[in-house]
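Student: Each chain is listed here by its residues.
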Amino acid sequence: MITIEYWLILSSLLLAIGAYGVLTRKNAIVVLMSIEIMLNAANINLVAFSSFHVTLHGTRDPSGMVFALFSIAIAAAEVAVGLAILLSVYRRYKTIDVDKINILRW
Amino acid sequence: MNILEWAWLIPVFPFLAFILISLLPKKGLWWEDGGGYAIAGAGGALALSVWVIWEVLNGHTLTVGAPTFDWLVIAGFKITFGIWIDQLTAVMLLVVSIVGTLVVVYSGGYMHEEAERRRRYYAEIMLFISVMYGLVIASNYLEMFIFWELVGLCSYLLIGFWYERPAAASAAKRAFIVTRVGDIMFMAGIIIIFKYVGSFDFGTLFANNAAATTAAMPKDMLTLATALIFGGAIGKSAQFPLHEWLPDAMEGPTTVSALIHAATMVKAGVYLTARTYPLLIHSPESLLFVGIIGGITALLAATVALAANDIKRVLAYSTISQLGYMILGLGAGGYLVIHGGSEAGYAAATFHLMNHAFFKALLFLCAGSVIHSVGTNDMRLMGGLGRKMPITSITMLVGALAIAGIPPLSGFWSKDEVLSAVYGAGEFHFTFFILWAMGVATAFLTAFYMFRMWFLTFSGSARSEYHAHESPKIMTVPLMILTALALTSGAALFIGAGFKAFILGSLGSIPVEPETETLGEIASAVFTSPFTYLVLGLVIVGILSAYRIYYMHGFNRTIFAAGIPGKFQKALENRWYISKFYDDFALVVVYGFSKLADLFDRYVIDGVVNGVAYLGARTGGVIRKAQSGNVQRYASIVIIGIVIILFFLLYVLPGGA
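As you go down the protein sequences, you meet chains A and B in turn.
The working numbering puts the first residue of the first sequence at 1, with every later residue one more than the last.
The working numbering puts the first residue of the second sequence at 1001, with every later residue one more than the last.
In case anyone wonders, no lab produced these hints; they're calculated from the structure.
Bear in mind that the values here come from a model prediction, so they are computed numbers and not experimental data.
Virtual Cβ for every residue (Gly too), placed ideally from N, Cα, C.
Every clue listed holds true.
Taking CB as the label site, the calculated pair distances span:
(1) A:Ser88 - B:Ala1635: 19 to 29 Å
(2) B:Arg1602 - A:Ser88: 51 to 61 Å
(3) A:Phe52 - B:Leu1649: 20 to 30 Å
(4) A:Leu56 - B:Ile1637: 34 to 44 Å
(5) A:Phe52 - B:Ile1640: 23 to 33 Å
(6) B:Thr1619 - A:Val54: 49 to 59 Å
(7) B:Ile1644 - A:His53: 27 to 37 Å
(8) A:Ala73 - B:Gly1611: 51 to 61 Å
(9) A:Arg92 - B:Arg1602: 45 to 55 Å
(10) A:Ala73 - B:Ile1637: 24 to 34 Å
(11) B:Ile1637 - A:Phe52: 25 to 35 Å
(12) A:Glu36 - B:Gly1611: 47 to 57 Å
Could you build the full structure based on these sequences and the hints that come with them?
Tutor: Below, the structure is given as C-alpha cells:
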C-alpha cells in the first residue's frame, strides 16, 4: 500500500512545479495551465486524506472526494473564465505576455 | 399682587419695541421709522419703573427670595436668572428710566435727518435700554455679567452708528476692546469667587455681612477677586488707566453719548462697585485701590477737559472726572463703613450718581442741540449762540452751574457730600487727605472748564458762518424736564427721611450705625463746615476766571501757548499722551507680538503640518513603485509571504501550529 507520505510528496511537487510555472512563464496560457497543476495538487491532497481517514479511524469519510469533485468542476469553470479574459486581453493588446500586461500600476 | 415680583417686565417693554422695530415691514413703523414704538417701549418701562420705585420708597424691597428662573442646571448647582430690587436698584432704575425715555423722545428731533437709518438707531437704542434694565435688576454676578457684555455690545453698535466714518468705526472698536480688558477682569473676579463659594447669587454671597464668602475665601483671594471685579468697573466707567475710550466714543450720535456714555452705561461700573460693597468692605486694600483710582481719574480727566476744543469731548472728560468722584466716594465710604460704621461715602457716591446722570444728560443733550443747529462740534467755530438759542443756552447754563456745584443745584449737594466723606476717611488712612485735595482741585477745574465751554459756545460773537436756530420742541421739552431735575434732584437729600436714610437699606446686612442726624442737621453740617466754603469759593473763582478769560475782551490767551504753560497746554491737548501711549504700545508691543506669532504660525506650525504632508507624499512616491502591475511579482510576494508565515508557525513559534 502506498502510504500517505508518498501522496503528499507528489502533491507538494506538483504544487511547487505549478507555482514555478505561474511565477516564471511569460505566456499567460502556460500560467493558466500551471494554475491547473496547482489545483490538481490540492485535489490529490484531498483524495489522499480522504482515503487516509480509513487508516486513521477505521471508518470511511467521502467528504474529501466530494470536495475534489467540486474542485474539478470549479476548475473547469475557472478555466473557461480565464481563457475568456485572455482572449479579451489578446484582442486589446495583441499579446498575452504577462510581463507586458502591466498597465494596472502606479 | 406684589408689583416688585413683576419687575422683570421692565426690560421686556423696550425689548418688545426692539423686536417690533427690527422686524416690522417699513410701512408698519409709522412715526419716525420706529420712533413711536421706541417711545412706547421706553415709556412702558418708565411707568413700571416708577411704580417699582414708589414701592421701594414705601420701604418694600425684593432681594433674597425673589422669583427666579433656572437657566442652567448642572449636577450639583444651578445658575438662575432673578431680580434684585433694593434701594440702589431703585436709584439706577430712576436714572435709566427717566434719562432713557427723555433721550428717546429727544431723538425724534435729533435723528430726524437720518431717514432710513433711524430704524437701526431706534432698534439698537431699545436693545440698549432693555439690557441696561436687565443689568440693573440682575440678582447674581453671572446674570449681571451677561447684561454687562450686552450693554457693551450696544455701546459698540451705537458709537459706530456712522460706521462709514473711519473715526467712528475705529472709536467703536476701541471702546469695545478697551472695555473688554475690564470685562475680562470682572469675569476673572467672579470666577474666583465662584471657585471658593460656589455661587454667583448676591443673596448667598452677601448674606449676614458676607459671612459665608469671607469664611470660604482666604483674605488674599478676596482682595484679588474684589479688585478684579472693580477692574470691570474701571473699564466700563472709563477710569484711569482705561479711560481713553470714552472721549473717542463721542463719535457716536450725541443722544447716544448722553444716554450711554454719560447717564447710564458708564454708571454701570459705579453701580457694580456699590453692589459689591458687602465684599469690598472686607478688603481695605481693594477699597484703597478703588479710592486712588477714582481720585486720579477725577483730577486727570478734569485737566484734559481744560484744553479740549470739541464740545462733546469736554463733556466726555467731565463725565470721566465725575465718575472718578463717585468711585472715590465709594472707596472712601468703604473706609468709613469699616472704621466708623457710617454710610456717608456710599450714600454720597450713589447720590452723586443720580444727580450726575440728570445734569450730564442735560449737558449732552444741550450740546446735541447746539451741534444739531451749528453742524460742528468744534467750539472754536461757535460763539454767540446765546441769542439764537435761548432755551438751549439757559438750560445748559443750569447744567453747568449744577455740575460746578453752585447751591442749591443738585451737583452742590452731592459733591459736597462726596468731599466730606473723603475727608472723613482721611482719619483712617492718610491717603484720603491727598485724594480729598485732588477732589477739591477737581471741583475748581470743573467749574472753570464748564464755563469755558459755556462762554465759548454761547457768548461773544460768531466765529464762523452758520445759520443757527433754536431746536424744535421735541428736543427742547426734554431739555426743560432735565433742567428741572438738575435744579431739584439735590433736594432728594431732604425729601422724606432723606436720601441717606433711604439708600442705607441697600447696604443690607453690613453693620452700619446710621448717622442719626435730622435733615436740619445734615443741612447745617453742610453750611457750617469751612470746607464747604473753601470748595464753593474755589468754584466761584473758577467760574470768574473762565469769565475773565473767555468772556471779557482783551485777555491775551496766547500766554498759554508759550513757555511752561505752553508745554502744559500741549500735554493737555495730547491728553497727557496716554492715548498716544496706547497707540504706540499697540503698534510696538501688540503688533510686534502679532507679527512674531504670525511668523511662528507661518513657519513653525505650518512648517510642521506641511512637512508631515510632504514627508507622506515623498514616502508614497517611493513606495508606490512596488505596485508594478506585474502579476507574477505580486504572486511571488504572496508565495514568499506564505512561506515565511509557515516557517514561523512551524519552526519559530513554540510548540508549532
